[in-house]
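As you go down the protein sequences, you meet chains A and B in turn.
So that you can map any letter, position 6 of the first sequence is -6 in my numbering, and since no number is skipped, the others follow by simple counting.
One gets my numbering by counting positions in the second sequence from 1 and adding 21 to each.
These aren't lab readings, by the way, just hints derived from the structure by calculation.
Keep in mind the model is a prediction, meaning the values are calculated, not measured.
Take these hints with a grain of salt, some might be off.
The following label-pair restraints were derived from C-beta to C-beta distances [unchecked claim]:
(1) R406(B) with L117(A): 21 to 27 Å
(2) S479(B) with Q14(A): 46 to 52 Å
(3) R143(A) with D451(B): 49 to 55 Å
(4) V(-7)(A) with A496(B): 53 to 59 Å
(5) V92(A) with E428(B): 32 to 38 Å
(6) S479(B) with A43(A): 50 to 56 Å
(7) I490(B) with D79(A): 56 to 62 Å
(8) V86(A) with R510(B): 42 to 48 Å
(9) V92(A) with G480(B): 35 to 41 Å
(10) A211(B) with V135(A): 44 to 50 Å
(11) V306(B) with A4(A): 45 to 51 Å
(12) D79(A) with K371(B): 54 to 60 Å
Using N, Cα and C, we set each Cβ at its ideal position, and we do this for glycine too.
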Amino acid sequence: MRTTVEARLPGLVLGALGIGFCVGGQRYGVVHDGRMGPGLMPLLAGLALVGLGAALAVAGVAPVAAAGRSPSPSPDGSPSPGAAGGDAAADRAARPWVVFGSVVAVLLATAFIGLLLALGAMSFALMLLVERLRVWVAAAATLAILVLSWLIFIRLLAVPLPVGVLLGG
Amino acid sequence: MDALDPVIGGFQTALSLHNLLFCAVGVILGTVIGLLPGLGSATGVALLMPLTLGLEPVTALIMLAGLYYGTQYGGTISSVLVSSPGEASTVVSTFDGYQMARQGRAGQALAIAAIASFVAGTLTIVLLMALAPVFAGIAVDFGPPEMVGLVVVGLVGVVGLSRGIQMLKGLAMGALGVAVATIGFDPQTAVQRFTFGSVEVLGGIQFVPVVIGLFAIAEVMSQARATPADPIRARFRDLLLTRDDLHRSRAPIGRGTVLGFFLGTLPGAGATIASFVTYDVEKRVSKRKHEFGKGAIEGVAGPEAANNAAVNGAFVPTLTLGIPGSGTTAVLLGAFLLFGIQPGPLLMDKEPDLVWGLMASFYVGNVLLLILNLPMAPIFASMLRVRYAVLYPVILSASLLGAYALENRMWGAWVAVGAALVGYFLKRYDFPPAPVILGLILGPMLEQSLNQTSSMGSGDFGIFLHRPIALALLALSVAILLVPTIVARLRGPRSGAERQLIDD
């Protein structure tokens, strides 16, 4: 079987990271006053990454099928009878990136509307627009998330959550 | 009676009303977290860690350990009822547990799982209490070169019994964790490493936001693609076991307990491997081989005993040597550091109340779990009907709030999101995330010990050649890497079930 570029990518990325740590380690100094210097540890870890990355790039690491809550296989490796039919739906393939984009958006919006409101907006948007839940279900669940978060983090743990410039923070 | 004093002291700590309450909260939350898809024990501990910062260290650790226990019980519920394990160590329970459920015996599968877990947990706590002081006594005189050997064993051991490409992946992740741990101020020389002028990075990369990102948010990203299966109902009256069920389960529980505990003590082996090995053993020794995979109660009892026994076994190296026996104990090890407690050979000497209190709480937690799980399994099972569409915004919110709350700055949340992106790709290429965390935790310990060793030898690492224990530990690391490959070559090809071994 031919090893594709995609399969070599993880090894190459790890190797590149390793080279970065090696170069940094050399710059910080491997020896200091006749003893171990601040660069030795990054150098050793970097060398390990270069070696292991190279081995993985040569062997090739194929990406696995979409992970998820599909039922576990049986002992002989065949699919379980309870299998839910796979993740064929095309829109589901994009969901990981929708989720990732949502959490990045929360962090960016925090400076303006605060962390709690940003999380509320994210939760509501995900449930309504991505999961297509009914408006009242999404609203009730969002309200529950906000109330619980407020109770635990602000009331109980007294964490000073950022409120954002638009709300006077 | 002197030998029993620490044990009695431990039970006094664990049975105080305050600690009992938090132990109960831990085991209930653990059961819920364990049964919900995409929330394993490591994620649960990571998510809860920021919430325990206001507690006494012993109380916080009792609660987190209770959560670890609870996830083992909870994971079984989803394994049996939806064939979708909430916890990697209960994957094996899907083989026969789910088949029992399909035959209308879901209650019996859950009941035997709870009983097996309780028996194994209870018996192995005695072993843990007996062995922990012995291990700690041996390791208490370790100097820096021996600590280097010990940390290397821990780092290498996390690849567990894997071999070939999976071993390379595990080692690469451990090296990545060690490399990332060097970011920030060097404690010896105050040199800034890989900070690129950023003030935020000066203190280094905290492991808790990384855990939250790698385990919780990355898991949500992966689960977002999946289609859920409908759970099978479990009713209270179905929980009653027949005399034949108990008779058939007795020996598997015994074997699972012993195997699970000793496999659990091996660094990196953990509950998942213990449950798979036990299943394999039960299948080999059973007179009803043909029933395995079709609803054999032995296939539930043995692995369930093993995964709980392995949890206790994993605590032996964690508490006495500072070397985690599993992915979750690696995260728990981080909790020790969060509370300013240095895990390692001196822990039992310096913090006897904490260590013995924690071990005694395992017993209390097991009793609580049995009381909760036998009658309340159907109630917990009803939580499987909560739609993931509602659940994952809760996980994302808790993740970002927890990552922020750790240091009250947005940097933690950004680290978590960055780690989530890395974690998603790790999952996509089937890289185990646990060694990254272990590298992050053990990396600074390794650097400090190497530094001290370097000072002892005036810069000459040839000092290792004069330290037999350090040499033996380094040789053990090499053996951990080579033995599984050699054994596998001798044994021949593996079954589909064995290939399922996942890092927990």
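List of violated hint numbers, smallest to largest: When the structure is compared with the hints, numbers 2, 3, 4, 5, 6 and 9 turn out to be violated.
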